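Peer 1: My request is simple: use the sequences and hints to build the entire structure.
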Amino acid sequence: MATISEEISGSAGTAELEGDTTYVEGVGNIPRNIYKHVKSDPLGDLPRYSVHIVIQHFVTFVTFLVLAATGLALHYSGLWWTYYVMDLFGGPDTARLVHRISAAFMVLASVYHVATIIAGTLHKIIKKEFDIKRTQIPRLKDIQDAIHDIKYFLGKEPYRPKMEKFMYKQKLHYLAILWGTFVLVTAGTTLLFPETMATIWPNPQFAQNLARLMHADEAVMAITVVVFWHWSNVHLVPGRFPLQWVFITGRITREHQIEEHFLEYLNNLREIPEEREYMKKLLKEKGFETN
Amino acid sequence: MKLLRLFLDIHPERKHVRMILSTGVKMSLFLAALFAFSIIGIRAEAADKENCLMCHKYRQIGRIDEQGRKRSYYVNENIYANTTHRNVPCRDCHTYITRIPHDPVTEEVNCANQCHIKPPFSKENFSHKKIIDIYNKSVHGIKEEDSEELKAAKPYCKYCHLNPIYREVAAERIAPTTLLRCLNCHDKKGVTQAYKHITHRLRRKTSRSPQEIVELCSKNCHEDVEKMAKFKVSHESLEAVETYKASMHGKSVLLGSQDSADCISCHASSAIHDIYKKDDKNATINIANRAKVCEQCHEGVNERFIRIDVHQNLEKDPILHFAAINLTFAFYGSVFGLLGLALLETIGRKKDGIKWQIRQGTTWRGVSKRWLNKYGPKQ
Numbered sequence: 001m002a003t004i005s006e007e008i009s010g011s012a013g014t015a016e017l018e019g020d021t022t023y024v025e026g027v028g029n030i031p032r033n034i035y036k037h038v039k040s041d042p043l044g045d046l047p048r049y050s051v052h053i054v055i056q057h058f059v060t061f062v063t064f065l066v067l068a069a070t071g072l073a074l075h076y077s078g079l080w081w082t083y084y085v086m087d088l089f090g091g092p093d094t095a096r097l098v099h100r101i102s103a104a105f106m107v108l109a110s111v112y113h114v115a116t117i118i119a120g121t122l123h124k125i126i127k128k129e130f131d132i133k134r135t136q137i138p139r140l141k142d143i144q145d146a147i148h149d150i151k152y153f154l155g156k157e158p159y160r161p162k163m164e165k166f167m168y169k170q171k172l173h174y175l176a177i178l179w180g181t182f183v184l185v186t187a188g189t190t191l192l193f194p195e196t197m198a199t200i201w202p203n204p205q206f207a208q209n210l211a212r213l214m215h216a217d218e219a220v221m222a223i224t225v226v227v228f229w230h231w232s233n234v235h236l237v238p239g240r241f242p243l244q245w246v247f248i249t250g251r252i253t254r255e256h257q258i259e260e261h262f263l264e265y266l267n268n269l270r271e272i273p274e275e276r277e278y279m280k281k282l283l284k285e286k287g288f289e290t291n
Numbered sequence: 292m293k294l295l296r297l298f299l300d301i302h303p304e305r306k307h308v309r310m311i312l313s314t315g316v317k318m319s320l321f322l323a324a325l326f327a328f329s330i331i332g333i334r335a336e337a338a339d340k341e342n343c344l345m346c347h348k349y350r351q352i353g354r355i356d357e358q359g360r361k362r363s364y365y366v367n368e369n370i371y372a373n374t375t376h377r378n379v380p381c382r383d384c385h386t387y388i389t390r391i392p393h394d395p396v397t398e399e400v401n402c403a404n405q406c407h408i409k410p411p412f413s414k415e416n417f418s419h420k421k422i423i424d425i426y427n428k429s430v431h432g433i434k435e436e437d438s439e440e441l442k443a444a445k446p447y448c449k450y451c452h453l454n455p456i457y458r459e460v461a462a463e464r465i466a467p468t469t470l471l472r473c474l475n476c477h478d479k480k481g482v483t484q485a486y487k488h489i490t491h492r493l494r495r496k497t498s499r500s501p502q503e504i505v506e507l508c509s510k511n512c513h514e515d516v517e518k519m520a521k522f523k524v525s526h527e528s529l530e531a532v533e534t535y536k537a538s539m540h541g542k543s544v545l546l547g548s549q550d551s552a553d554c555i556s557c558h559a560s561s562a563i564h565d566i567y568k569k570d571d572k573n574a575t576i577n578i579a580n581r582a583k584v585c586e587q588c589h590e591g592v593n594e595r596f597i598r599i600d601v602h603q604n605l606e607k608d609p610i611l612h613f614a615a616i617n618l619t620f621a622f623y624g625s626v627f628g629l630l631g632l633a634l635l636e637t638i639g640r641k642k643d644g645i646k647w648q649i650r651q652g653t654t655w656r657g658v659s660k661r662w663l664n665k666y667g668p669k670q
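Residue numbers (our numbering), protein chains in the order written: chain A, 1 to 291; chain B, 292 to 670.
Please keep in mind that the hints were generated in silico from the structure rather than gathered at the bench. Please note that the accuracy of each hint is not assured.
What the hints assert, rightly or not - Below, a list of computed lysine-lysine pairs in the DSSO-like style, where the Cα atoms sit at most 27 Å apart:
1. B:LYS641 x A:LYS156
2. B:LYS420 x A:LYS286
3. B:LYS569 x B:LYS583
4. B:LYS572 x B:LYS421
5. A:LYS127 x A:LYS151
6. A:LYS151 x B:LYS642
Everything numeric in this text was worked out from a predicted model, so none of it was measured.
Peer 2: Below is the structure:
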């Protein structure tokens, strides 16, 4: 471990630490770039997701893969690879059943999620701990953050933006998931129960056609976004490679928290005494005055 | 040799050795018989009282007709003996043959003929007349007002029933062991014949798989849009194959489903041949009868549900077309936008001095050269 810490302090240099600092009561002036010098446990240092969210993500993740495999093969029926997928699932009749069962579990996870969010929010409101900045609700600041971040990656800003628990990318994705789940569940229900839904929709023919179009289109889009964006963000981007354990442990690494969720890190400092001690010690090591 | 000596080494007091010998001899005799039978085979016998096969059994029998086509008149007795018509004498269908050797055949076989076979529990000779009557009334039957072209294009019995894609019934033949169980109570002859004739039809609504039905209806006919357009069929009918294959019924069948609806699941009753245009009140898909069709698979069928047209071309609806265009834009916009963002971030972070490696505590291994050049203190 000694060699690693030496390497870190030797290579990154402390020159970057001068400049933008944030004063925290009881800790000291925290340089914006301190994340390049902290020690991080790959399995996570700071709390991010509750066990409920971890379970929901896991159920969604497994059912998503099954739904994608069966759904794509059914939608693109007739392409050469679809026959192999059908063989894997035991024919289209079984594949359709598997698709429906997976869908039921995914809906269950979604309901669970909504229940968790509502109950959690109510709990926080009662305890007077509710802070809209720490939620997924989009704010004007997210657009500013996005512009700031793009500028940073183009080399036009010295530091990454100071962001809350959920940054602009995550809020965008969360909104997309809300919309996608709504569309897929509505269209899927129309396709699965055409007889009942025909009595509910004002124009059954149009509803059926729209459901056919939307279910497939929205699903293909969801799959593409997950494969090309979500996976690259959580697996491929340097610093996140090969994967982040937060989806299992529910804990985020210190380095990641300070870099992308600086304002949430300040909350962590306020709430976790051990973290305060760690940061105080680190600042002393790097030669920053503490009080 | 050792083994042989063991068999032949008989000692009067060692009875069990003699027993081995006798069992061995029996075994080899049995095997020899089995081998002999397997070579000789047991000839299948068809009903050929008038000995037509005397000539038609020769493989080379045939001629080149006036159009220059090769015609083969060879009848393979073994194949014929396994067909549905195996008990029907030749002249029951080929009625125009009155003397042997016969004149060149010019007439087609008429499937509405009565043959000299009495079905079980029936006093009348069997005939396909009933189903042919149903068929002739259907949209596929030849009508007087039809044009010559349409008359020629309409399928007749043999078009479907001898169609190469439709002919092989034996694929689903029953295991002989299954048949043996029936023989506990029934006479062999009746059972085997009834079994071969009926069983493949008992498995599903029709004896053919949905895939075969779809292929039979579409190939060379309903999927040939130019050909169908000549007969002034409706717009829906013209693109029926295309819209079916885009529907969930069609997609499942294409992938091998045995439960999904094929063409005749909806367009015909159990009589299979009674296909009518949807405005005809006899049509199974007529709005008055349609609920019954849907009820075969769907539960809770209602008045609004049966009005949903399954042969829908999604691209023809202007609103859906507009929606599809917008969705395409949204799709490519988001995919390329997000990919661009991820790429920008990857390149930015690489330049920022982060190493692309499995993390051990931290991935910040390098110096941010970009930062130092731009904002760092001058070296």
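Peer 1: Work down the list of hints and note, for each, if the structure agrees.
Peer 2: For each hint, the structure was consulted:
Our distance criterion of 27 Å between C-alpha atoms is met by LYS641 of chain B and LYS156 of chain A, whose separation comes to about 16 Å. A threshold of 27 Å between alpha carbons decides the hint, and for LYS420 of chain B with LYS286 of chain A the separation of about 101 Å lies outside it, so the pair is violated. Taking the CA atoms of LYS569 of chain B and LYS583 of chain B, the gap is about 14 Å. The hint holds against a cut of 27 Å. Restraint check for LYS572 of chain B and LYS421 of chain B: satisfied, since their Cα atoms lie roughly 20 Å apart, inside the 27 Å limit.
Using a Cα cut-off of 27 Å, the hinted pair LYS127 of chain A and LYS151 of chain A is violated, with the two alpha carbons roughly 39 Å apart. Pair hint LYS151 of chain A plus LYS642 of chain B holds up; C-alpha atoms about 14 Å apart against a cutoff of 27 Å.
Taken one by one, the earlier hints fail for this structure at numbers 2 and 5, listed in ascending order.
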